[in-house]
Amino acid sequence: MNDSSPKGMGSQKSSDKKELWKSLNDYNSDPDVLKFKHDEFVEGVTEDFDPSKLSGISRRKFLALLSASAALTATACTNYRDKGEIIPYNKRPEEIFPGVANYYASTCNGCGQACGILIKTREGRPIKVDGNPDHPINKGKICAKGQASILDLYDPERLKAPRFNRNDISWKSVDENIITALNEAQRDRKEIAIVTDRITSPTTKKILDDFVSKYPNTKIYSHSLVNDEQRRQACLESYGTTEYPSIKFEEANVILALDADFLGNEGNYIENMRKFTAKREVVGKTDFNRLYVAEGRMSATGMMADYRVSISPSMQYEFVMALINELTKSGSTISLDSNVKSKIEKYSNSFFNKIDKEKISHLVDDLNTNRGKAIVYAGDTLPKEVHIAVNLLNEILGNTVLYDYTSLSKSLINQSTKEEISILIDSMKNGKVGTVIHFDSNPVYILPGDYGYTSALKNVNAVVTLTEAENETSTVSNYTLPINHAFESWGDANTCSKVYSLQQPVISPIFNTRQKETVLLTWISGDANSYKEDLYHQYLMNNFNATVFVKKNTFADAKTFWYSALHDGVVLLNEPSQQNKFNLTAFNSIKELADGNGFTLHLTESYYVGDGKFSNNGWLQETPHPVTKITWDNYAAISPKLAKQLNVEMNDLVSIGVGKTNLELPVLVQPGMDNKTINIELGYGRTVIGDIGKEVGFNSVLLMSKEFSLSPYIYKNATIKKFDGTHKLVSTQEHHSLDDTFVKDFHRTRKIIQEGTVEKYKKEPNFLHEEKEKLVGITREHQYTGLKWAMAIDLNKCTSCSACITSCNVENNVPVVGKDQVERGREMQWMRIDRYYSGTPDEPIVSNQPMLCQHCDNAPCENVCPVNATNHSPDGLNQMAYNRCVGTRYCSNNCPYKVRRFNFFNFRDHFADAYYENDLTSLVHNPEVTVRSRGVMEKCTFCVQRIMEARSNAARDGKTLKGSDVVTACQQACPTNAITFGDANDPNSDVAKLREHNLSYHVLEELYIKPNVTYIAKLRNTHSEEI
Amino acid sequence: MKRTVLDYALKIRLPLTLFVVAISFVLTFYFSRAERDSVGYKPEQPIKFSHKLHAGQMAIDCQYCHIGVTKERQAIIPSVNICMNCHTISRKDKPEIIKLTKYYNDGNIIPWKRIHKIPEYAYFNHSVHINKGIDCESCHGDVKEMEVVEQVKPFTMTACLDCHRQPEKNLPYLKKVKLGPEYCSACHR
Amino acid sequence: MITLSKINRKNFFEKIGKGALAAAVASVIPFKFFSSIAKASSNKNIKIKIHPFAVKRNDKV
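Protein chains in written order, with the working numbering: chain C, 13 to 1039; chain F, 355 to 543; chain Y, 33 to 93.
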């Protein structure tokens, strides 16, 4: 039957017999039920289904459209044309012209020499430190430590707020508590001890004196880890004053340095270097001086020696006495009494056979012929007795005319003696000391362990430490008070009698720190509410007016004079000077010093980390040691013979024993060392310090003792034993074995180092160029008309001080890479100083050579770059476009000098967990130089940013650019002016003249890549014509 | 051989698809060039400063505000105190000036939207260009007629090099002009 | 012979391949969003202020 109703359960023909029914109505086929079954939905529940009224879009289409529009919206979400904001000042400070650098004169406080500096700031933040040309001592140059010290201002782990027993506390509470503690100590008749490092500032000294007036129980103690106390004590006994004169090295024909690193790390070595190289000038006259060095270790000065003998520091006394004996045979300028004669006659010249007979005979001859024009100079670490003997020797030889009495080295506060410190510690142990204030000092680290300082501190009520960063002393103090960095501080310095220099802040304190002198002034006033940030500034100005202004008869009023002094940074003083008579009883009563039987341990200050204060400075830790080129470590340096005796190689651990203490550290085999001397640098192994310096090196202060027989730095009867284990020492320069015949003297056969002697140069000035071949090129060569940049480096003057390297690092935003990367040869310094040995391992001859991009005319790196990222500019520079570089490294492969550095990582991110990648440290970057990321090649650019700035200034002033307008960072930093830079096409420029000099040569000249860095060969002033 | 689906796809569909994709990419690339180089970029600034009024109608010299342009690399967007030289008094009741004064008094920065920007690895030096006699309009367009500043020229390296290589074309008002530097380190350091 | 099992295997691996591509692309997108947010919100909590009493020495500009 035709039934239009849908088939299914429950729809049946009404006449069918029902098998299944749901209700009685259903059974009876009620029409309502039938209708109900017919419609799926009850009426009115749904709307009419009208296909024509349906939306034209299907569900599928709708979904597709929805997702597509969502995707398009997502892409349109970013405004790809948005270039961010550009934000000017709200109220522009008058001093700041955005984009133009400001320079401020100030004083460096990296060591005790207080060199004058010029701080370059951009938009209010310091970015570079250089020497102050107006300062008569350092004359516009500072050392590597001074150059890199700017990084400490931006150290992310600087203390930012005062702390009391690990909790934060406000300055006001600190002041109140400490004033209370000080008054209590006064009342209870307990001592108040202020422990300082070396004080170079007369105004700080005045404040300390004021403090003592206010709190009479106060005693001031001064102790530095590395000091010249031995020399001062000797001067006091010999001449009656602790202020010793500086030496006129520039007038000395012969210099004998006894364990004296005067060109490397002693005294004001910047000034010493300049004076010394004044008589090593090859342009013009050749009136060379002659340097004799007698030392146990190999120091930077030893590398410069014409004649070098190795002698243990504990034998120096005998050596000097033997010299006195020998030289008095030919007469003496001062009259000697019989006591002197009987004292010296024990020391016969047979002693010289132990050292080197031939060299010493030359020395004796030279000292005799140059009486009054020579100097014998003993090092700071040698015992006082040796200094007194040397003073007498100079008197005998009449060398005291070379003492500059207008330039005396002042000591504002004498170093505390062993007895004074022991008394302090005993008082502390007996609870008789109420407060100890560590005034920017770290005695827990620098005092020898047998003082027992740390445990004695526990008995003091209030231990206060004023410091920039957390150190070993602040962790055991109650109050840790953060002080301003040097660049945020006022100050002055008077370390030399003829100069008074001022220190001014170039930036307001970045964090909640205070000037340490202002803190003391608040405590002196006794009222915590009297603090004003300007307190020390006013005090300094008043002291300046009272002490300096009144002495200078100027027409200016006090205020004007103050401003001009701040502008210049220095005020020259004319202190009256007098030459004192030598006190012979001093010599007659000195204790005889005998050598020991065992080994002699010689502890010296680290070249770049100082006494430990720069341990957290990545740039300095990574600057290679001038002699060993080791980074990120210290070590026990021993001679090759001793190493063979102990059966140790480099990196093997040894155990050094002095008295009852032992220290395990790795060995470094140093050619040229004395066989019984062990040399370890101080300033490493700090335990409480930022992440950079943590666990770097080994703390050799542990081997120091308050009971020393010779000096605090020289210990005889030391033991050395092989110890299990190794510690990898990382050097930027491979040690080619001196005995390997293949590589022996490679640098000479390949003419990388070309040297001569003064004798040979006098006879044949052109000896270097005699065998020169004519080189032929096969390509069409570019002719450089117009300005062509070139550089000349005088190897006679380079002492490997590395000021150039650190200056380049700061100027060009060179990253720190860390020890593990330096191990792989990935250090990023654009400039390096190569050190080559020749001769024998026992008597090596050392040559230094700064190496940087040579900016070759036929550069092998330029024609292999697949993307043309490196090419040549019309003014002679090899230029580098970082954004084009894809990191093929073919250019570095081709470079024969290997001066190209590749960013294997984004080192700012990679080093020490992005330690230097933070908002604070980013402020140190030079805004004119790109900060390179991963995957690009970089190298020396001859400071192209300075060249471009000079071009811009010349265009602005309507002048033509001259070669002398541009000073590269390395040239500016070199203390001896060994680096000359300028226009090679200008026949009157220094560089052009040096390129034509008889002693000029290029490294790897035979490759005909035409480098633009000319080296002036080193002349050694020996008696022979051969080296 | 039997024709399979793959045959058809490879011989017809694939080349056709590739061709369509390539053509659409190339056409889009070239036609969007100006837009991508930000020519015509005219963002809204936090304060409705009108160069047409100040530089055009009132004829204030460019260098009154943009002080660095003859001295150093940067041209310098003026700091708020330069605006306040006049606007502490002039039109100080107008809404935009009230906004400006509020910024000044509160010591807040005005976040001007930057229009002309080259990548950070390129170092442009304004003073060299100005000191050689090049006018502001040659690169920034007729700013004196702009209510809201927009970028009129592309600041791509090609655009710079075009002018460096043929300066007479863009700088007809200069009698004697040398070629600009073409070597990398002039801009890239 | 192309059996049903082979077609099933082919489909299965195609699904896996497409899924892997999609996952690779999808995994990168959130990083792009986060990096743009992170770059925008680097607070400069360090205030640089020159010292008002310092005396500078410059060539005049």
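In short, the hints are calculated from the structure, not lab data. Even for Gly, the Cβ is constructed at its ideal location relative to N, Cα and C. Some clues are possibly wrong.
Simulated pairs of lysine-lysine, DSS-like, Cα-Cα distance not exceeding 25 angstroms [as the list claims (entries may be wrong)]:
id, chain 1, residue 1, chain 2, residue 2
1, Y, K50, F, K365
2, Y, K50, C, K172
3, F, K402, C, K95
4, Y, K79, F, K467
5, C, K564, Y, K50
6, F, K453, C, K971
7, F, K446, F, K530
8, C, K103, F, K467
9, Y, K50, C, K151
10, Y, K79, C, K184
11, C, K95, F, K471
12, F, K406, C, K95
13, F, K530, C, K974
Some chain C residues flagged as far from chain F (calculated, every beta-carbon gap over 10 angstroms) [stated by the list, open to error]:
id, residue
14, E97
15, R104
16, P145
17, K172
18, I181
19, Q198
20, N380
21, Y417
22, P460
23, F567
24, Y575
25, V583
26, W644
27, T761
28, E940
A quick look at each hint next to the structure:
| no. | hint | verdict |
| --- | --- | --- |
| 1 | Y:K50 <-> F:K365 | 24 angstroms, holds |
| 2 | Y:K50 <-> C:K172 | 54 angstroms, violated |
| 3 | F:K402 <-> C:K95 | 18 angstroms, holds |
| 4 | Y:K79 <-> F:K467 | 23 angstroms, holds |
| 5 | C:K564 <-> Y:K50 | 88 angstroms, violated |
| 6 | F:K453 <-> C:K971 | 45 angstroms, violated |
| 7 | F:K446 <-> F:K530 | 46 angstroms, violated |
| 8 | C:K103 <-> F:K467 | 19 angstroms, holds |
| 9 | Y:K50 <-> C:K151 | 72 angstroms, violated |
| 10 | Y:K79 <-> C:K184 | 22 angstroms, holds |
| 11 | C:K95 <-> F:K471 | 7 angstroms, holds |
| 12 | F:K406 <-> C:K95 | 23 angstroms, holds |
| 13 | F:K530 <-> C:K974 | 23 angstroms, holds |
| 14 | E97 | 4 angstroms, violated |
| 15 | R104 | 4 angstroms, violated |
| 16 | P145 | 23 angstroms, holds |
| 17 | K172 | 24 angstroms, holds |
| 18 | I181 | 30 angstroms, holds |
| 19 | Q198 | 46 angstroms, holds |
| 20 | N380 | 57 angstroms, holds |
| 21 | Y417 | 48 angstroms, holds |
| 22 | P460 | 50 angstroms, holds |
| 23 | F567 | 34 angstroms, holds |
| 24 | Y575 | 25 angstroms, holds |
| 25 | V583 | 32 angstroms, holds |
| 26 | W644 | 30 angstroms, holds |
| 27 | T761 | 36 angstroms, holds |
| 28 | E940 | 7 angstroms, violated |
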